[in-house]
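In our numbering, the protein residues as written are 715 to 843.
Honestly, the hints are just simulated from the structure, not real lab data. Just so you know, these numbers come straight off a predicted model, no measurement behind them. Treat the hints loosely; a few may be bogus.
[To be verified] Quick list of in silico lysine-lysine cross-link-like pairs, DSS-like style, CA-CA up to 30 Å:
#1 839 x 752
#2 771 x 752
#3 727 x 769
#4 788 x 760
#5 771 x 839
#6 760 x 822
#7 839 x 796
#8 805 x 769
#9 839 x 717
#10 805 x 760
#11 760 x 731
#12 771 x 731
#13 805 x 788
#14 771 x 826
#15 839 x 788
#16 717 x 752
#17 769 x 752
#18 822 x 788
#19 839 x 769
#20 771 x 805
#21 717 x 805
#22 717 x 771
#23 796 x 760
#24 788 x 717
#25 796 x 731
#26 788 x 731
#27 731 x 822
#28 717 x 796
#29 771 x 760
#30 727 x 796
#31 727 x 760
#32 769 x 796
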Amino acid sequence: MLKHENDKGRVCKRLAKLMDCTGMVDEDPLSAQPSYLKYLPIIEEKHGVRVLSDKQKGNKVIILCPRLEEWIIKSVSESGFKMSDFGLPDKANELHRVINGRLQAFQKVIDKLIELENPGILFLKSHLT
């Protein structure tokens, strides 16, 4: 089951009530950090992706650093293309404003990263499947 929440606090509240689930949030270091995250150990961290484990509940929290938009733009750049190749902004704040209305283009970016075997996207994918 996939459930979208509008902020990491809500994701963490949901995870605190559930078992054997995976949540994904932005690090967003300038915002308040939910208490749920404070006590979870980091089990792995690579390519701007931090993975935390809630062993009591069997949950996993994946954190994209610093935010989804910066993370994906960096991954795209490392793979030798641009977001604008897919009709999306190359600047994080602009991408943040349009991403939810351009999900098909965003999916094509993800597919291209997988096709090019981008290490960050493959690491993320390994923790989502």
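If you check each hint against the structure, which ones fail? 8, 14, 20, 25, 26, 27, 30 and 32
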